[in-house]
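S.K.: Protein chains in written order, with our numbering: chain F, 1 to 114; chain Y, 1 to 110.
Everything labelled a hint here was simulated from the structure, so no lab data went into it.
One thing to keep in mind: the hints can contain errors.
To be verified - Only pairs whose alpha carbons sit at most 25 Å apart, straight line, appear in this in silico DSS-like list of lysine-lysine: (1) Y:Lys97 / F:Lys71; (2) Y:Lys81 / F:Lys52; (3) F:Lys40 / Y:Lys81; (4) Y:Lys97 / F:Lys22; (5) F:Lys67 / Y:Lys97.
As the list claims (entries may be wrong) - Quick partial rundown of chain F residues pointing at chain Y, CB under 7 Å, derived from the structure: (6) Phe42; (7) Lys52; (8) Ile56; (9) Thr94; (10) Tyr100; (11) Glu102; (12) Phe105; (13) Pro107; (14) Gly108.
Even for Gly, the Cβ is constructed at its ideal location relative to N, Cα and C.
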Amino acid sequence: DTAVSQTPKYLVTQMGNDKSIKCEQNLGHDTMYWYKQDSKKFLKIMFSYNNKELIINETVPNRFSPKSPDKAHLNLHINSLELGDSAVYFCASTETSGSYNEQFFGPGTRLTVL
Amino acid sequence: GQNIDQPTEMTATEGAIVQINCTYQTSGFNGLFWYQQHAGEAPTFLSYNVLDGLEEKGRFSSFLSRSKGYSYLLLKELQMKDSASYLCAVPSGGYNKLIFGAGTRLAVHP
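Next comes chain F alone, as it looks inside the complex:
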């Protein structure tokens, strides 16, 4: 009964390719996030959706395009992959009604661009 799941867990691809990562949460949360964790383990927010609406869009190249078909799913499509995109991408979710609540993270997708 995984709370936040991501596919694939590992992704190895060539520079210039286009790839997608998928995320699903079964916690009934209204907000989902994409984070990037680089080789120095620094975890940085990229995007966030609240009830399918984009609410956070950090300074991320427009090669990255998130999409939320419903509030339980958040996908990330990356065009024209570059070496610097190699990282672990984490999906997370939370309920934003009321006070600040903990975020639940998925297992991560380790992307390696060759």
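Position chain Y relative to chain F; hints supplied.
M.R.: Okay, now just chain Y, sitting in the frame of chain F:
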């Protein structure tokens, strides 16, 4: 803007106590989170402090001083499984957008 500082690495002995510090500068304060991340795994929630003082939760406690922009995570009776990175994070703006520190990598030795 936000700025969060944590020591990069710490080492400690099994059974001992270790304190991991975090200092922050924020425009507006909405609490502070601590997360634990084992190598190759996802971050998991440890604590959330919004008021000054110490909150104890089993072997782990978290302290906050809003006037000093300072927090620490206290781990008692250290176990080998406590070897992990500990991430300090503060909410920024709405929708629980978290700004994370670079994390403190703790190595527990026998």
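S.K.: Check whether the Cα positions of lysine 40 of chain F and lysine 81 of chain Y lie no farther apart than 25 Å.
M.R.: Judged against 25 Å, a Cα distance of about 22 Å means the pair holds.
S.K.: Verify the interface restraint on glycine 108 of chain F: the C-beta must sit less than 7 Å from at least one C-beta of chain Y.
M.R.: Holds - the Cβ of glycine 108 of chain F comes within 7 Å of chain Y, reaching about 6 Å at its closest.
S.K.: Should the interface hint for phenylalanine 42 of chain F be scored as holding, given a Cβ-Cβ cut-off of 7 Å against chain Y?
M.R.: At 5 Å from the nearest chain Y Cβ, phenylalanine 42 of chain F passes the 7 Å test, so the hint holds.
S.K.: Between lysine 97 of chain Y and lysine 22 of chain F, does the CA-CA distance stay at or below 25 Å?
M.R.: holds, 20 Å
S.K.: With 7 Å as the cut and Cβ atoms as the points, is glutamate 102 of chain F at the interface with chain Y?
M.R.: Holds. Min distance 4 Å.
S.K.: The hint names threonine 94 of chain F as touching chain Y; please verify it with the least Cβ-Cβ distance against 7 Å.
M.R.: holds, 5 Å
S.K.: Mind checking the alpha carbons of lysine 81 of chain Y and lysine 52 of chain F for me, to see if they're no more than 25 Å apart?
M.R.: violated, 38 Å
S.K.: Tell me if lysine 52 of chain F is really an interface residue toward chain Y, meaning its C-beta lies closer than 7 Å to one of theirs.
M.R.: Violated. Min distance 13 Å.
S.K.: Double-check tyrosine 100 of chain F for me: the hint is only fine if its C-beta lies closer than 7 Å to a C-beta in chain Y.
M.R.: holds, 5 Å
S.K.: When the nearest CB of chain Y is found for isoleucine 56 of chain F, is that gap smaller than 7 Å?
M.R.: holds, 5 Å
S.K.: If you draw a straight line from the CA of lysine 67 of chain F to the CA of lysine 97 of chain Y, is it 25 Å or shorter?
M.R.: Status holds; Cα separation ~18 Å.
S.K.: Just to be careful, I want the Cα atoms of lysine 97 of chain Y and lysine 71 of chain F compared with a cutoff of 25 Å; is the pair within it?
M.R.: Holds: lysine 97 of chain Y and lysine 71 of chain F sit about 17 Å apart, inside 25 Å.
When held up to the earlier numbered hints, the structure conflicts with 2 and 7 and fits the remainder.
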